[in-house]
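*Asks:* Each chain, letter by letter, is given below.
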Amino acid sequence: MAMATSSRLFWASRAAAYLRISTFPRAFSTVLKDLKYADTHEWVKVEGDSATVGITDHAQDHLGDVVFVELPEVGSSVSQGNNFGAVESVKATSDVNSPVSGEVVEVNEKLSEEPGLVNASPYDKGWIIKVKLSDSGELNSLMDDEKYSKFCEEEDNH
Amino acid sequence: MAAAGLTRASSAGRPLMRLVTMSGAPILQQLHLEERLLRTTGDNWCIINDGTAPPTIVMGVSGRVSELVEIQPVLRDQVPVVRRFSGGGTVIVDQGTVFVTFICNKAAVAGLQPFPRDIMTWSDYAFSQLKFGGNAQSITKNRWVHHTSFLWDYDVKNMDYLKIPKRAPEYRLARKHTDFLCRMKEYMPSRSVFTDGVITALREQFLVEPTDIETVLSDDDAFVPSTKLLSEQDLEEIASSKESLHRV
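Just so you know, the protein sequences line up as chains C and Y, in that order.
In this text, residue positions in the first sequence follow our numbering: the first is 1, and each later residue adds one.
In this text, residue positions in the second sequence follow our numbering: the first is 1, and each later residue adds one.
Just so you know, the hints here were simulated from the structure itself, not pulled from any lab data.
Glycine included, every Cβ here is placed at the ideal spot set by N, Cα and C.
One should not assume that every hint holds.
Said to hold, decoys possible - For lysine-lysine, the following BS3-like pairs were computed, each having C-alpha atoms within a straight-line distance of at most 27 Å: (1) C:Lys-45 to Y:Lys-228; (2) Y:Lys-228 to C:Lys-150; (3) C:Lys-110 to Y:Lys-106.
Said to hold, decoys possible - Non-contacting residues of chain Y with respect to chain C, defined by C-beta distances greater than 12 Å in every case (computed): (4) Arg-39; (5) Ile-48; (6) Gly-60; (7) Arg-84; (8) Gly-88; (9) Arg-143; (10) Asp-212; (11) Ser-231; (12) Asp-234; (13) Glu-237.
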């Protein structure tokens, strides 16, 4: 359902841009229940001591079309709150920060050829890195889906 | 936003902006400086570099060299090619280019949201469809860089080193450089009128403090900027084979 909604809104906003009429901003972005969220709009999915990281639907919506993803090297380390890569969209290159600390064990090579996966499927095919966690206690400082939804609302209404 | 409130109270409503003015500084040096100021300091900065030497091709973070640059003439004439840390298109810069860069804390510029879209809607610099400046942004957790290269003047011959990009903004409409660019010198009396104008406008929003860059930067060798100069070897490898996914 979320994907169909995204698709309709995507085409609606494209049509509106062509006709030069303004669209309403998205009332809500998709937030998944079983993930944890950072206040810099990255999500993390934890399975044991392994974590998958990406950027949220809210983030990809605000960034616009992603044209390039700068990925870290496998084997490099990431630390909570610090940047490990970047996402280029139109004219802005934005840091992606890691919600967790650990070692990068895998990066999503598909993003080299298809950076748009970050827009089309931010929580699934658009994942960015996989990390072997060094400190699962860090997860306590992240937001759950409800807190994150509220956080996005407050930020957008600022 | 509490931080913005505090700075307002302390400086008569205007946050501090340090101003660095240079002339003819090589663009690689300017970009390294920008990355360093962005990532290792917490101040707001405005950098004005009036002209640069030598003429240099500057690509965005994700550009594919083979699609954007005429490699053979570049190798033949030994034109430096730099890949900068921000996104956006490819330009060739020289003595006719005036650079204006802002490096700011997100809270410093009132009314702008942290996300890039607001910064991106700052108008493209154009006089009726003819562009005289191009800009790009790079955004970190709490700060951003917005840098612009203004075409005070340009050498048409230099544009021949650049290909017409496949991926371009709509306004480009596949036009050749000479059809979509204009020279600021045809619209303004002098370069200093422009740069003084920028500083005057800045003073309306910020407390501008001219800063000597030498006094601020420590010999911080720990920081490594990502902007890089492509080597002749890099370019030759690209020229001789199809550019792989692993960009240089």
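*Asks:* Hint check: Y:Lys-228 vs C:Lys-150, CA-CA at most 27 Å. Holds or violated?
*Replies:* violated (41 Å)
*Asks:* Taking the shortest Cβ-to-Cβ distance between Y:Glu-237 and chain C, state whether it exceeds 12 Å.
*Replies:* Given a closest Cβ separation of 18 Å, the condition holds.
*Asks:* Sort out whether Y:Lys-106 lies within 27 Å of C:Lys-110, counting only the CA atoms.
*Replies:* Violated: C:Lys-110 and Y:Lys-106 sit about 32 Å apart, past 27 Å.
*Asks:* Using Cβ atoms and 12 Å as the threshold, tell me whether Y:Gly-60 really stays out of contact range of chain C.
*Replies:* Incorrect as stated: the minimum Cβ-Cβ distance to chain C is 7 Å, not above 12 Å.
*Asks:* Checking a non-interface call: every C-beta of chain C should be farther than 12 Å from the C-beta of Y:Arg-143. Is that right?
*Replies:* violated (10 Å)
*Asks:* A cut-off of 12 Å on Cβ-Cβ distance, and Y:Arg-39 was said to be off the interface with chain C. Does that hold?
*Replies:* violated (9 Å)
*Asks:* Beyond 12 Å from chain C, beta-carbon-wise, is Y:Ser-231?
*Replies:* Label holds. Min Cβ-Cβ 20 Å, cutoff 12 Å.
*Asks:* Does the no-contact call for Y:Arg-84 survive, Cβ to all of chain C over 12 Å?
*Replies:* violated (9 Å)
*Asks:* Non-interface claim for Y:Asp-212: all C-beta distances to chain C beyond 12 Å?
*Replies:* holds (29 Å)
*Asks:* Sort out whether Y:Lys-228 lies within 27 Å of C:Lys-45, counting only the CA atoms.
*Replies:* With a Cα-Cα distance of about 34 Å, the restraint between C:Lys-45 and Y:Lys-228 is violated, given a limit of 27 Å.
*Asks:* Against chain C, does Y:Asp-234 keep a CB gap of more than 12 Å to every residue?
*Replies:* holds (18 Å)
*Asks:* Mind verifying the non-interface call on Y:Ile-48? Its CB should be farther than 12 Å from each CB in chain C.
*Replies:* holds (21 Å)
Checked against the numbered hints given earlier, this structure breaks hints 1, 2, 3, 4, 6, 7, 8, 9; the rest are met.
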